[in-house]
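Q: Residue-level listing of the chains:
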Amino acid sequence: MNRIMATLRPDLAVIAGHVAPGAKVLDVGCGDGTLMAALRDERGCDVRGLEIDPHNVAECVGHGLSAIQGDADTDLALYPDASFDYAILSQTLQTTKRPDMVLEELLRIGRRAFVSFPNFGHWRVRSDLLWRGRMPVTRLLPVGWYETPNIHHLTIADFRDFVAARGLKVEGAWYLNGDSLISPAMATWRAEHAVYLLSRG
Amino acid sequence: MASLFTSCSQTYDLPDPLPLDGGQSLEGVRIAFETYGALNDARDNAILICHATTGDQYVASPHPITGKPGWWSKMVGPGKPIDTDRFYVICPNVLGSCMGTTGPGSLAPDGQPYGLRFPVITIRDMVRAHMALLDHLGVERLYAVVGGSMGGMQALSLSIHWPERVARVLLLATTAVMPVQNIAFQEVGRQAIMADPDWQGGAYYGTGRAPDAGLAVARMAAHITYLSEATLSEKFGRRLQDRDAKSFGFGADFQVESYLRYQGSSFTGRFDANSYLYITRAMSYFDVVDERFGAGHNARLSEAFAGVTARFCVVSFDTDWLYPTAESRKIAHAVNAAGAPVSFMELAAPYGHDSFLLDVPALDRVITGFLSR
Numbered sequence: 001m002n003r004i005m006a007t008l009r010p011d012l013a014v015i016a017g018h019v020a021p022g023a024k025v026l027d028v029g030c031g032d033g034t035l036m037a038a039l040r041d042e043r044g045c046d047v048r049g050l051e052i053d054p055h056n057v058a059e060c061v062g063h064g065l066s067a068i069q070g071d072a073d074t075d076l077a078l079y080p081d082a083s084f085d086y087a088i089l090s091q092t093l094q095t096t097k098r099p100d101m102v103l104e105e106l107l108r109i110g111r112r113a114f115v116s117f118p119n120f121g122h123w124r125v126r127s128d129l130l131w132r133g134r135m136p137v138t139r140l141l142p143v144g145w146y147e148t149p150n151i152h153h154l155t156i157a158d159f160r161d162f163v164a165a166r167g168l169k170v171e172g173a174w175y176l177n178g179d180s181l182i183s184p185a186m187a188t189w190r191a192e193h194a195v196y197l198l199s200r201g
Numbered sequence: 001m002a003s004l005f006t007s008c009s010q011t012y013d014l015p016d017p018l019p020l021d022g023g024q025s026l027e028g029v030r031i032a033f034e035t036y037g038a039l040n041d042a043r044d045n046a047i048l049i050c051h052a053t054t055g056d057q058y059v060a061s062p063h064p065i066t067g068k069p070g071w072w073s074k075m076v077g078p079g080k081p082i083d084t085d086r087f088y089v090i091c092p093n094v095l096g097s098c099m100g101t102t103g104p105g106s107l108a109p110d111g112q113p114y115g116l117r118f119p120v121i122t123i124r125d126m127v128r129a130h131m132a133l134l135d136h137l138g139v140e141r142l143y144a145v146v147g148g149s150m151g152g153m154q155a156l157s158l159s160i161h162w163p164e165r166v167a168r169v170l171l172l173a174t175t176a177v178m179p180v181q182n183i184a185f186q187e188v189g190r191q192a193i194m195a196d197p198d199w200q201g202g203a204y205y206g207t208g209r210a211p212d213a214g215l216a217v218a219r220m221a222a223h224i225t226y227l228s229e230a231t232l233s234e235k236f237g238r239r240l241q242d243r244d245a246k247s248f249g250f251g252a253d254f255q256v257e258s259y260l261r262y263q264g265s266s267f268t269g270r271f272d273a274n275s276y277l278y279i280t281r282a283m284s285y286f287d288v289v290d291e292r293f294g295a296g297h298n299a300r301l302s303e304a305f306a307g308v309t310a311r312f313c314v315v316s317f318d319t320d321w322l323y324p325t326a327e328s329r330k331i332a333h334a335v336n337a338a339g340a341p342v343s344f345m346e347l348a349a350p351y352g353h354d355s356f357l358l359d360v361p362a363l364d365r366v367i368t369g370f371l372s373r
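So the protein sequences, as listed, match chains A and B. Under the UniProt record's numbering, the letters of the first sequence match residues 1 to 201, in that order. Under the UniProt record's numbering, the letters of the second sequence match residues 1 to 373, in that order.
Keep in mind that the hints were calculated from the coordinates and are not lab data. It is possible that part of the hints are untrue.
Stated by the list, open to error - Pairwise CB distance ranges (calculated): (1) V137/A <-> V180/B: 50 to 60 Å; (2) D71/A <-> S73/B: 31 to 41 Å; (3) I151/A <-> D41/B: 51 to 61 Å.
What the hints assert, rightly or not - If the Cβ cut is set under 7 Å, some of the chain A residues that face chain B in the computed set are: (4) V57; (5) I68; (6) Q69.
Stated by the list, open to error - Coverage of chain B stretches by chain A, computed from C-beta distances (three or more under 8 Å per stretch; other residues unrestricted): (7) 336 to 344; (8) 358 to 368.
Glycine included, C-beta positions come from ideal geometry on N, C-alpha and C.
Extracted from the complex, chain A is given alone in its bound form (with noise of 0.2 Å):
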C-alpha cells in the first residue's frame, strides 16, 4: 500500500485498495474529502462526493474535489441508474433515518457499492450493555445515546441478514479491530468495525 493510502483511516484504505483503477466513484457522506483525494491521485478516479455538512464540502473544494452538499436519505434518488461504476458509503450508514433505502439506492446508482459501519455487536459493546446495562461509548462511537447521530445501530450479524433477505451478493467482506485487518472467524464478537463490497449479483 503506498503513503498517501496508508495515512488513511482504516476502512477507507480497505475501500480505496480495492476500487478498480480509473473507475467512476460516488463519495456519500465524503467528509472533507480525504478518501476522494486518495482514489484521485493514487487511483486515477473520477470521483465525485456528496455530504452534508458545508464546510466539508468547502474543504473539498479546496483540494480541487468535486462535491455537492446533500443528504443521503433525500438526494440519492436525483442521481440516474448504473452513473457509476462505485457507491461508497463509509461510517454514514448507521446515521442515514432508512439506512436500508439508502442501500437499495447504492446499488441503483453504482454497479457496486462499498458500506462500511461500526459492529455494534463487539463484545465491549455487548458487555457495556449486560454488565453495565449502559448504551456503550467506544472509539468508533464515541458519542452519548442522547447527542450521537447514529440513530441506526446495527451489527455484522444484522448486516448480513438484510444482505441475505434482498438477495445482495457480497463481493468482498473485511473486518477491523484497530487498525488492523482481522480474520472473518467471530467476526460478530471481535471486528469493531466492518466493510463490505456488495453488488446485485
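Got chain A; can you put chain B on it based on the hints?
A: Chain B in isolation, oriented as in the chain A frame:
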C-alpha cells in the same frame, strides 16, 4: 459616443456590429472595463468577473461618482481570494448599463440618445459583448468566470454558449431561470419608473428632468429583496428615526423607512432609469434552456449543459429568498447529470441575497480553494 455618466475606465469600441438575440444588431458598441494584475505569457490566468444588476466595472477600484471602494474590493486584490498577483482580472460594465458601456443613455448613430430606441437585450447579448472584449484582450480561454446574482447568469450563459472558452465557473447566489417572483418584483420597479411623469416615454435626456422619483422607488423595492428579515431587524428593528414618538404623518418615522429613502435617492445619482429598465428586462427573460433551445422547447435543464466541460462551483446562502438555495441546487444537479464536475454548497450567512458582497469568511475560503487548482 457619449454617456450620461463619466468614467475613467478603459474602453473598447467593437469594430463590428454586435448581433443581438432580439434579431437586431447594434453598431458602435463601446465596452467600459477595468483590469487588474497582468496576463501571463501563456495567457491562461485570466478571470472574468461579471457584475450584478446595478453593479459596474469598478470591482476593486473606487467608484468615480460615489468615491466608495470597489464593490468587491474585499475579494479582489493582491493576496485576496481572487489574487491579482496571480490572476489577470477583467471586469466589464454590461451592455445596456450606464457606466461607460453602450446603453440607452448613449448616443445613437443619429447623434441623439437612444432612449427607448435602444434594442431590448438579453443576458447572452451581454456575454457576447464580453467575448468580443476577451478577443481584443487576447484571452482565448478563461481560467475562470465568476459571477453573483445577474453576474452568475452571465457566467452560466458563457459556460453554455462558449464552453471552450472557460475552465472554471463560479456561481454565487444565482439561478438558471429567473424565478417568477423576481420577474414580478422587477415589473414593480419598471412600472414605478414608467409611472413617473418625468420619464417622458424614456426621452428625458437633455430635458433637465429625469424620473428620479420612480427610479428611487424601484431601487427601494429591489433593495428590500437583497436583504433578509434578520438583517433588517438587527439593523433597524422598529426603531424610530430622530424622534421619540410616531408623527402620525407620512414622514420617515421608522429608521428602516429613512434608510430605504436614502438608498433610493442616492441610487438616482449613479444610475440611469432607462438602463434599469433594460437590464431588469434582460434578467426577467433569462432562462438558459430558452437560450439554448429557444422558447417553448421543453428540454430539461441538464440538456442545456450538454457538452459543457468546465468545473463548476455553485454557492447559495441560506437567507437568500430572492435566489433561494433550491435554484442553485437545480443548477448543480443539472451540471452533474450532464457529466461536468460540480461542487455545490449552501453557506450560512445572515445578510440575505447580498451575502456574496458582504463579509462571509466561509465564502472567501471557498473561492480561494476553488481557484487554487
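Q: Holds or violated: the 51 to 61 Å window for the beta-carbon distance between I151/A and D41/B?
A: Because 57 Å falls inside the window, the suggested range holds.
Q: Would you say the segment 336 to 344 of chain B counts as covered by chain A, given the rule of at least 3 residues with C-beta under 8 Å?
A: holds (count 6)
Q: With a cut-off of 7 Å on the beta carbons, see whether Q69/A makes it to chain B.
A: Hint holds; Q69/A Cβ to chain B Cβ min 4 Å, cut 7 Å.
Q: Just to be careful: measuring from the Cβ of V57/A to every Cβ in chain B, is the smallest value less than 7 Å?
A: It holds, given that the least Cβ distance between V57/A and chain B is near 4 Å, below 7 Å.
Q: Is the hint on I68/A kept, meaning its closest Cβ partner in chain B is under 7 Å away?
A: holds, 5 Å
Q: With 50 to 60 Å as the target window, see if V137/A and V180/B comply at their CB atoms.
A: holds, 51 Å
Q: So the hint says 31 to 41 Å: do the beta-carbon atoms of D71/A and S73/B match that?
A: The hinted range 31 to 41 Å holds for D71/A and S73/B, with Cβ atoms some 37 Å apart.
Q: Three or more residues of the segment 358 to 368 of chain B near chain A by CB distance under 8 Å?
A: With 4 residues close enough to chain A, the hint holds.
Going through the hint list in order, the structure satisfies each hint without exception.
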